[in-house]
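*Asks:* Sequence lines, in order, name chains A, B and C.
Our numbering applies: residue 1 is where the first sequence begins, and numbers increase by one.
Our numbering applies: residue 1001 is where the second sequence begins, and numbers increase by one.
Our numbering applies: residue 2001 is where the third sequence begins, and numbers increase by one.
Honestly, the hints are just simulated from the structure, not real lab data.
Accuracy of the hints is not assured; some may be wrong.
Only pairs whose alpha carbons sit at most 20 Å apart, straight line, appear in this in silico PhoX-like list of lysine-lysine [said to hold, decoys possible]:
hint	chain 1	residue 1	chain 2	residue 2
1	B	K1323	C	K2123
2	B	K1251	B	K1323
3	C	K2137	C	K2184
4	C	K2184	A	K256
5	C	K2022	A	K256
6	C	K2200	C	K2211
7	C	K2243	B	K1323
8	C	K2123	B	K1251
9	C	K2031	A	K256
10	C	K2200	C	K2337
11	A	K263	C	K2031
Note that the structure is predicted; figures quoted are calculated from it, not measured.
Take a look at the letters that make up each chain.
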Amino acid sequence: MTASIHRDHGLELLRQMLRIRRFEEKCAELYSLGKIRGFLHLYIGEEAVASGAMPCFRSEDAIVGTYREHGHALIRGTPMGPLMAELYGKATGCARGRGGSMHFFDASRRFYGGLAIVGGGLPVAVGLALADKMQKLARVTACFFGDGAVAEGEFHESLNLAALWKLPVLFLCENNLYAMGTTLGRHQSQTDIAKKADAYAIPAEAVDGMDVLAVESATQQAVDFVRQGGGPYLIEYRTYRFRAHSMYDAELYRTKDEVAQWKQRDPIASFEQYLRANGSLHADEVQKVETAITAEIEEAVAFAEAAPWEPIEDLTKDVYTPRQAEASVKIK
Amino acid sequence: MIKMTYREAVRAGLREALLNDPRVFLMGEDVGQYGGAYACSKGFLEEFGPERIRDTPLSESTFVGAGIGAALGGMRPIVEVMTVNFSLLALDQIVNNAATIRHMSGGQFNIPLVVRMATGAGRQVAAQHSHSLEGWYAHIPGITVLTPATVTDARGMLLTALKEPDPVFIFEHAYLYPMEGEFDEDALPVDITRAAVRRQGEDVSLITFGGSLWKALQAAEMLASAEIDAEVVDLRVLRPLDQATVLASVKKTHRAVVIDEGWRTGSFAAEISAQIMEGAFYDLDGPVARVCSAEVPIPYPKHLEDAALPQPETIVTAVRNLKG
Amino acid sequence: MAEFVMPTLGSDMTEGTLVEWKKKVGDRVTKGEIIAEVDTEKSAIEVESFYTGIIQQLITQPGETVPVGTVMAIIDEAGSPMEQVKAKTEAKPRKESAPSPASEPIVPPLPEPGRVRISPAAKQLAADLHIDPSALKGTGPGGAITLDDVRAAAAVSMKEPTTVAVDRQARMRETIAAAMARSKREIPHYYLSTAIDMGKAMAWLKDENLKRSVTDRLLYGVLLMKAVALALRQVPELNALWKGSAAVQSSDIHVGVAVSLRQGGLVAPAIHHTDKHSLGELMTRFQDVVKRARAGTLRSSEFSDPTITVTSLGEQGVETVFGVIYPPQVALVGFGKVVERPWVVGGEVVSRPVVTASLSADHRVTDGHRGAVFLSVVDRLLQEPAQL
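In isolation and in its complexed conformation, chain A is listed as follows (with noise of 0.2 Å):
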């Protein structure tokens, strides 16, 4: 970490990290105590790379997430408060508590979920870039995947078309290593994946996910040659999740000194160690930033626990638009 930063922009994305890694350890909790439910994916681990790169996009560009996509949603700028009632299925989710952990919407904000089939969001952001351009929109999509879709034939047929179209789109990979508990190196014959661009004529580079402000740069400078018309971009973001890949797994797949080694490099410590050392953060600035975390936690799950449920007999609204009062139309 070289670059010098302003002293609030430093404060501003470890406390982001810190609201992610403290948002998600209250779901853990709540979700031992049976209060959410289904899958529980967790971003714990991988906050530098949602609090580096999500800020790089303005509030008219589009956001396709996965399943592990809490942390996008939160520095997106999705109150937390609808975030938690998602999770507990209420009706006041930000979904109408219709999809829980897995997928986040907020059309306020352009984020297309929460798409957790692996590789289906792709073809999606493609689209959502295609109709920028025909629009002539100076508008980019912002596409997360995990190292699992490089696997998927949607990655590659989107790849393909969003260069072939020269496509304001953004693939960001998230590689943790893991596709659930399949390590990179046992479904990979290339596991660069950066290099996988290549093959589509798209530019791309690998960064340190565990290192915010080089996710952030490596985000700003792709998301400029983007918006500039220079076509897609793809950026691989080498991290690495602490904990198991869905709540709870038995976490066979790998070892705990593993683990342990990843964690010495802990984003939110390291990033945390190397604003002391600058002298960037005063001594009692975390325990404030982590005083009004808890506070806005506990503002969310308040929050969540008012809500209502929604109605049964609203079980089946929204598969369809309603359809106005029909003209009556003839059939020939």
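Given the structure of chain A, go ahead and fit chains B and C onto it with the hints provided.
*Replies:* Chains B and C in isolation, oriented as in the chain A frame:
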């Protein structure tokens, strides 16, 4: 009344859509330079240019998914999947994204996407190019499934579909493209919520859709010479199904034969039969009969293919068996 | 104080087994630290504490299986700086639940005027019993006439008071007329008969009745009935009902016994599961059914359930019966009077009690050969009365 082929009707609808709305564009395999596998977009590339007439790579999942994304992004894409057989490669996007996003997002996003594809057998193109899977698609809540059987519907359904806020799948029966029919200019825009009674009758309801409509009408004529007065119901819309028209017909005739080019087991005909059972059980004078495809991959030689598919003669036999 | 509870470790977990505690009482545990190992159905998982503090109490013992939400340990959080992190919301798990779906009443479509809503099975039964469905009030969905409605109507028609006796008799005559006409119109009958030596049966019966009280004595008719029922097990084709285009064998044997009514007419109510009752039980049931048939209190199922009919006209002195099958049954067995006849036993002519058994059977369903087998089985069974 104007005479035109089904193919010309589809092309006319597409052209009108492209002229009417700048947000509309067409993408798919060989829709541009080739002019469309079924020549439904012949000349479009020259007329509308490569921005709006987009040849895609052979990557069904991604160009259907891109259609979803473009619809979310403010466009009105028409995606042509060459045939239903290839749409299997796009099932992930159709089932997991197109059909779910509106509901799953709590109504925040809707996907005004139109996907067209050719369906059906009858042209001796063997087992991998002869599927009739529109019944499968009709299983999925969140999408609308249309099966135009007439030239008027071939043109009009597309135009109405483009006004829908949610995904619409149009299955054009490949056998019908060269069929000539009378096109009623006054019929625009056509309704896409109701079934149509194509022939009034008193004795038995022949319920069908798509390419089988013409076989059912032919069967009805054959039955008329035996003094059996058959009513023919064209479902037109498989989802959401117009149950009222089906039940009204069955309540009138008290007998039903469902004709469906899909395989019998788990067919859309089975669904219609079940709905009749639920809604008109006490009005039936006999069990609902089905005429479906034989349970085989559709074979290449004509005599075997003919034997595998519903035919006017098999429909007549089914009616006779029902009448006792 | 904080409670460490058995956590939910997956979407399908309902209980877990404590493998071991990673801490002991008095140890300090920090938030996020592994406190225990828990075995679920899938695998053993190390679980973390969400609280910082001193372990006060370990409640669950290793090896114990407890439901999710069970308090397993108490952690004293006093003085912990993380105290305020703990939200006030870790209420007992899953106390609160989302509303459950109300069972939605299924509203049947309104009946169309002019058309009788009747189930196919009820329609068939009404036709068989010659009951006019349009005169019935349905109790099924949307006022539909069900099988029970037709059965009830049949039972009522048998119970109607004598003031309408003429009507009732007339209706019964009509019913019999229609059924018998249909039988002769539709069923290609064939007839077989054989004379059966009843010597052993009558002798056994005499002995048996000596052992019984007067009210429990058996009539030879129940031996015939039982023999028919057991023979049907061996020739099940005759124990069947004609359903439109084919006979469907019945898994149960319900012999209908023809009972002539004093005021004229005839009913043949079922004695259910005829083959499974002892002779004594059959006798009781037979007497009961005859009594109720004459009183007009038969149950509807007794009308609708027979799978074959046995008619015995011996009382009237008849020797041989040529019966008419009662549709949709496919066979009828007739017995005449037991008469003393010259009989050859071991080359000598002796006098024996003999009954003529006849079979009327539906040629669409069986051929004479099977019918002959059936009668010979009846004969054989009657030669071993103690086994009946």
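*Asks:* With reference to the structure, classify each hint as holding or not holding.
*Replies:* Okay, the hints, checked on the actual structure:
Pair hint K1323/B plus K2123/C holds up; C-alpha atoms about 17 Å apart against a cutoff of 20 Å. At roughly 16 Å between alpha-carbon atoms, K1251/B and K1323/B fall within 20 Å of each other, so this suggested pair holds. Between K2137/C and K2184/C, the direct Cα distance comes to roughly 32 Å. Violation of the 20 Å bound is thereby established for this hinted pair. Restraint check: the Cα-Cα separation between K2184/C and K256/A comes to about 88 Å, which exceeds 20 Å; the hinted pair is violated.
Proximity of K2022/C to K256/A is assessed by CA-CA distance (about 16 Å); at most 20 Å being required, the pair is judged to hold. Distance check on the hinted pair: K2200/C and K2211/C sit about 17 Å apart at the alpha-carbon level, within 20 Å; holds. Between the alpha carbons of K2243/C and K1323/B the distance comes to roughly 17 Å, so the proposed pair stays at or under 20 Å and holds. Annotation: proposed proximity of K2123/C to K1251/B holds, straight-line Cα distance about 18 Å (limit 20 Å).
Restraint check for K2031/C and K256/A: satisfied, since their Cα atoms lie roughly 19 Å apart, inside the 20 Å limit. In summary, the hint linking K2200/C to K2337/C is supported, as the alpha carbons are separated by about 16 Å, within the 20 Å threshold. Proposed proximity of K263/A and K2031/C is supported: the alpha carbons are some 16 Å apart, at most 20 Å.
Of the numbered hints listed earlier, those contradicted by the structure are 3, 4.
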